[in-house]
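Visitor: Chain residues, written in single-letter form:
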Amino acid sequence: MANETVLMKGNEVIGEAAVRAGCRYFFGYPITPQNELPAYMAKRLPEVQGVFVQAESETAAINMVYGASGAGARVMTSSSSPGISLKQEGISYLAGAELPAVIVNMMRGGPGLGTIQPSQSDYFQATKGGGHGDYNMVVLAPASVQELADLTMDAFDIADKYRNPVMVLGDGVLGQMMEPVAFKERQSAEFVKDWATTGKQGRSKPNLINSLYLDPEKSAEHNEELHAKYMTMAKNEVRYEVKNLEDAEVVLVAYGMMARITSSVMNKAREKGMKVGLIRPISVWPFPDEAFEMALPQAKAFLTVEMSKGQMVEDVRLAVNGRAPVYFYGRTGGVIPSPQEVMEQLEAVYAKVQGGEA
Amino acid sequence: MKQIFAKPQSMTDKVSHYCPGCTHGIAHRLVGETIDELGIADRTIGVASVGCSVLAYEYFDVDFQQASHGRAPAVATGIKRVHPESIVFTYQGDGDLASIGTAEAIHAAMRGENITIIFINNAIYGMTGGQMAPTTLLGQQTTTTPEGRRFEEMGAPIRMAEMLATLDGAAYVARFSLHDIPNITKAKRAIKKSFQYQLEGKGFTIVELLSTCPTNWGMSPNESLEWVQTDMMKVYPLGEFKTPEEGEKK
Ligand SMILES: Cc1ncc(C[n+]2csc(CCOP(=O)(O)OP(=O)(O)O)c2C)c(N)n1
Ligand code: SF4
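In order, the protein sequence lines correspond to chains A and B.
Using our numbering, the first residue of the first sequence is number 1, and each one after it goes up by one.
Using our numbering, the first residue of the second sequence is number 1001, and each one after it goes up by one.
It is worth saying that the hints were derived from the structure and are not from the lab.
Note that this is a predicted model, so its numbers are computed, not measured.
Please note that the accuracy of each hint is not assured.
The calculated lysine to aspartate or glutamate pairs, modelled on EDC-like cross-linking and capped at a C-alpha distance of 16 angstroms, are [stated by the list, open to error]:
(1) A:Lys200 with B:Glu1085
(2) A:Lys200 with B:Glu1058
(3) A:Lys205 with A:Asp194
(4) A:Lys205 with B:Asp1013
With these hints in hand, go ahead and build the complete structure from the sequences.
Guide: In structure tokens:
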């Protein structure tokens, strides 16, 4: 399947993309709706001399990831919301010890055991630091099976580039969908991991993977260094897609599956002569503030649509910063807002804008 | 002048932070001697846990990873799967291994991970100031069992070595003590065996070591050594519970 297009299920595509990006280690624990991914890895990794381990819990899995990453490997784990909650401690330690890893969250509805149906209600947890301490990680939100492949591959490079965990944040449906995908031939950058614990092997100084700084000055210094790195990530790793912003009076904002639905709503609205645009954040951290600057001279209002009770909308408000009203529509519990519902919301906002209300 | 005693080469010159009379230092030395004698410093990777030994990485001149509380066996699993030719050991306290990290320890043993665990059983949480550990003896006073540990509320001490010896994946399981020279010698022999078995790819190995915590036991170093013998050893019998040659010893 070098470059030709094949029909594959989302979760399996993540696995194949990871293998092609050089990932040889996968540690995971079963949870719906991502089970196809560990199953794919259990079959695929041994073919490339890789290792799959089913861990005793998500907590153990993320700590195996920590050990393998600290040992210098490209490594991945995946789960869905309740399991991702268990991984938060480990993600914080990965960030603190500056270890690269790719973590996939195929979000399902919460809180608690919630539902196995799709959701986008882990946005806060993913982008605001679900674990303890001051840290950030790049969070990529694919909207198609093709993007699952591309962003998974990119995630490994971003992780190695900054020595930091990267999350691929998909809403449950994406992993279950079958769509055509072409795995792009790509040259992954070579990363020299001279910091990894491999056994000293002649090195005069041992390598140490650690996040403990008992001296307050040293701890503060470590935090400053991490922060500087996060600021570089925030500058370099912004990704988004915009549509029809040139004359848009109302701009829809959505990511992942919701962006596909809002995009089709936008097209219908355009057919009706409504001046509607779309901003689709692809990196939800860093958040694409600059897309809002492109929209703002014309835009009279924003409508954010999510499968949550309103999480990303807070970042939209920060980006817009009071310069236009920001409206919100969301469904939860595994219910996906229909195009008709979104259209009704859009028409209501549009009417306010036309009436000079917004 | 003839040198008759020296620090193991695989240990650093750093002055340890352990309290006077604490046997953590002895356990460190035995591991250091083992690494030297087997000539494996260049391919050994240690995993430090959370507890008084959190800074273990400062005392060994080998590659190290610092794990979160209880997760050292999972971290060691990740390392060993990437570098199967390396020698991987964890160094964990009884709060770390027998409480918050019980699942990780049991499942590493179940999988037969080819790693070695050095398990320090001092019947208390040292670093956080003397709370009850799962290994605390019945009647033993701690800050969280001020009247002594009572079976009715807090159950009875957990015997990890005996438990782990029942698992097919565990190759070598032993418990020894650090309270006097003959016992230290036996402990050393067990530690060396466990590393040797790992070198031979035999599977999961663990050596539990009865250790002192004079500071939180509220005893002098000498009284502490006594107490290991008079009280701890009654609850925690010494010996090998499983060997690759003979299997589980009942
Ligand atoms: C998740 C988490 N919970 C609690 C702590 C606090 N803590 C630090 S050390 C420790 C107990 C260590 O006791 P033990 O493993 O017996 O080792 P010792 O200090 O006795 O050598 C605890 C509870 C922590 N660091 N992380
Ligand atoms: S508190 Fe106890 S276990 Fe910790 S160093 Fe002191 S004596 Fe040793």
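Visitor: Look at each hint and say if it fits the structure.
Guide: Evaluation of the provided hints:
| no. | hint | in the structure |
| --- | --- | --- |
| 1 | A:Lys200 with B:Glu1085 | holds, 13 angstroms |
| 2 | A:Lys200 with B:Glu1058 | holds, 15 angstroms |
| 3 | A:Lys205 with A:Asp194 | holds, 11 angstroms |
| 4 | A:Lys205 with B:Asp1013 | holds, 13 angstroms |
Violated hints are absent here; each numbered hint is respected by the structure.
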